[in-house]
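Trainee: Top line first, the protein sequences correspond to chains A and B. So the first sequence is numbered by numbering that gives the first Met the number 0: it starts at 0 and just counts up by one. So the second sequence is numbered by numbering that gives the first Met the number 0: it starts at 0 and just counts up by one.
Keep in mind the hints are simulated off the structure, nothing from the lab. Where hints are given, some of them may not hold.
[Said to hold, decoys possible] Part of the chain A face toward chain B, derived, beta carbon under 8 Å: (1) Trp12; (2) Leu22; (3) Ala35; (4) Ala46.
[As the list claims (entries may be wrong)] Label-pair restraints from in silico Cβ distances: (5) A:Ala43 with B:Met168: 57 to 65 Å; (6) B:Asp597 with A:Val11: 56 to 64 Å; (7) B:Val200 with A:Ala25: 44 to 52 Å; (8) A:Ser32 with B:Phe144: 34 to 42 Å; (9) B:Leu145 with A:Leu27: 28 to 36 Å.
Predicted, not measured: the structure shown is a model, and the values here were computed from it. Idealized CB from N, CA, C, for every residue including glycine.
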Amino acid sequence: MIRTLRRRHLAVWIVLAILIPVLLYAALRARRSAPAGAIPEALAPYAAPADDVAESSKIEGR
Amino acid sequence: MSAGYAAVGWSPGKRRYDAALAAAIALYLAVFVWTSLALRPEITVETLLIRGFATVAFVLLHVILAIGPLARLDRRFLPLLWNRRHLGVTMFFCAAAHGGLALFQFHALGDRNPLVSLLASNTRFASVADFPFQQLGAAALAILFLMAATSHDFWLANLTAPVWKSLHMMVYVAWALLVGHVALGILQDATSLAGVILLVVGGATLISLHVAAALRGRVLDREIADAVAGGFVEVCRASEIREKRARIVALAGERVAIFRHDGRLSAVSNVCQHQNGPLGEGRILDGCITCPWHGYQYRPADGCSPPPFTERVPTFRLRLVDGDRVFVDPNPLPAGSFVAPVEFVERSSDKGGVDGSSADEFFVGYLPMPPRLARFARAAAVSTTCAFGGLAAIIASAQKPLGQGEFDFAHESSYRGLLAATPVPGLWPQATGAEAGTPLTGAFIPLVGEGKHGAPKDLLESGSGRVVELSGRRIERHGQQLIEVAAGGPVATSGAATVEPPPALPLGRQRLRGEIVDSKCYYGVMKPSAGKAHRDCAVRCISGGAPPAFVVRSPAGDGERIVVLLLVGGGGQSIAADILDLVAEPVEIEGEVSRLGDRLVLVADPAAIRRISG
Chain A
0 MIRTLRRRHL AVWIVLAILI PVLLYAALRA RRSAPAGAIP EALAPYAAPA
50 DDVAESSKIE GR
Chain B
0 MSAGYAAVGW SPGKRRYDAA LAAAIALYLA VFVWTSLALR PEITVETLLI
50 RGFATVAFVL LHVILAIGPL ARLDRRFLPL LWNRRHLGVT MFFCAAAHGG
100 LALFQFHALG DRNPLVSLLA SNTRFASVAD FPFQQLGAAA LAILFLMAAT
150 SHDFWLANLT APVWKSLHMM VYVAWALLVG HVALGILQDA TSLAGVILLV
200 VGGATLISLH VAAALRGRVL DREIADAVAG GFVEVCRASE IREKRARIVA
250 LAGERVAIFR HDGRLSAVSN VCQHQNGPLG EGRILDGCIT CPWHGYQYRP
300 ADGCSPPPFT ERVPTFRLRL VDGDRVFVDP NPLPAGSFVA PVEFVERSSD
350 KGGVDGSSAD EFFVGYLPMP PRLARFARAA AVSTTCAFGG LAAIIASAQK
400 PLGQGEFDFA HESSYRGLLA ATPVPGLWPQ ATGAEAGTPL TGAFIPLVGE
450 GKHGAPKDLL ESGSGRVVEL SGRRIERHGQ QLIEVAAGGP VATSGAATVE
500 PPPALPLGRQ RLRGEIVDSK CYYGVMKPSA GKAHRDCAVR CISGGAPPAF
550 VVRSPAGDGE RIVVLLLVGG GGQSIAADIL DLVAEPVEIE GEVSRLGDRL
600 VLVADPAAIR RISG
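Okay, chain A solo, but in the shape it has when bound (with noise of 0.2 Å):
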């Protein structure tokens, strides 16, 4: 039992050794940023300033 037990753990871990790479390349290459698009005129002024981004990437003043 217990040699199968070994060659059972070895094996466990190569699989993972191939799988987990191949799920993080997949999980990171389909990776979104929130949707955006340009606000049309008709509705640019009911625009508020993002409150969710960080402090670098919000323009100056607001």
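Once you've looked at the hints, dock chain B against the given chain A.
Mentor: What follows is chain B alone, placed relative to chain A:
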């Protein structure tokens, strides 16, 4: 090692181990909370707890999975293995706290059983970008529960070692599921690369350690197997074996431990009956072979544990040729078979000189820890605790901004105005005074119910088109309010309104790109209130009646600005049932936009809503 079962076999060492564990977790949570509040003061308590418990559990799981191979590669880590069960159970409780809080936060108080909601709110298994990551976490938690519940020698004995060991090897599956849970969940919402880097480093470390430990064992097997030639097999020189220690050899695929004790040699299986620990890496204590993992003991001559214990391991026959060459019969005798030890006449140069000396320290959890090992264990505990604090700071600082919405949960206010049922349930508040004819302010405040529900139906049925006074809690973002109507709160109806709300102002047909959210969470009840991490909650809220909203964001770099539109179907009908599968994804909607008071309303045909790639 004890003859009976107790919930926990406490010892001073276990108490110190648990104290160090508690200190590390407390430090992690404290640093995580402090850093989060310092950098993201808008974060809510529930989000803090969900993220704090999730990340500490994940870090603990990595530590747990690293201890096994570390102990095989370096014996000084064996003291960490001794009480690993407490580490595992503690990790499960942290994970369960995360799971329970997340289940309540994202799925409870809605129109479905939370467990049904967990499994059914997102079924986009074919999409990597929208994969239902919460199910992965739930599956991992179920495995961890089974492991924690059976993490006791009672279950080891009653399930039998093969079943128990197989069950506990499922921890590798749990870890893989959790990597998927993180990678397909919060990492896809994150803007910082810190989480990605930590996940890669953690995974690479674990995989490297386990593969290295396994390969080291395989090398040992292969080297000795070459010498197998049928009958008794020559395996080593007796003089090579240190006193009270063993030489491990592989015969017919199984490892045999040949112990030297008081001028005699005995051979037993290398596999401890408790948890498959390597007996050959143990030593003779009080005349018994003592397993280095958990201190289980066996007599060298017959492989039996001393009374009252009942464990037994197979033994092997030995021969000594030329006074030093050791031969072993590769066929194991039944567990517990007596084999007379082979006498070995020691020459002066063969003396191991290791009996109890500090140069050969050996750790058994129920005995005082040798000084050098104790120093190493203390250094490891301090280093690990400091690492926990550092990791907490890094992980907490990687959180992205959560929005500045406010939810005045603790304070109910009285609101008076004209109640409208369309296009979404809302209130046109009156400027001042209590008369039915008091002018309206021109603002429009959507109403929602408690939990993940829309405005109370009985309120809308009895009060629509009338001036009402109701009790509710303020939700506010971007200078716009929502009201969570207090269940059972006082509602006064003043009769038919004598004031009219301002007419809708058409702003034309627009094609917009953005994300569908639920207005209640977006305006301040939840943080985060959008994106993949919040998707299931948004589905539940919209399904329960909270008005859906469409968030349009201008491109980054140009000073991001946001327009929020209430989303309704043609004729002012609710669109909720048709858009649940599109929530929290990038979509394009074309429809008629109008201004209603201080709000924008987008009237759209659900069939015309189109998914777009990020």
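Trainee: A separate judgement is required for each hint: does it hold in the structure or not?
Mentor: Hint check:
| no. | hint | verdict |
| --- | --- | --- |
| 1 | Trp12 | holds, 4 Å |
| 2 | Leu22 | holds, 6 Å |
| 3 | Ala35 | holds, 5 Å |
| 4 | Ala46 | holds, 4 Å |
| 5 | A:Ala43 with B:Met168: 57 to 65 Å | holds, 59 Å |
| 6 | B:Asp597 with A:Val11: 56 to 64 Å | holds, 59 Å |
| 7 | B:Val200 with A:Ala25: 44 to 52 Å | violated, 19 Å |
| 8 | A:Ser32 with B:Phe144: 34 to 42 Å | holds, 36 Å |
| 9 | B:Leu145 with A:Leu27: 28 to 36 Å | holds, 31 Å |
Going down the numbered hints, you'll see the structure goes against just number 7.
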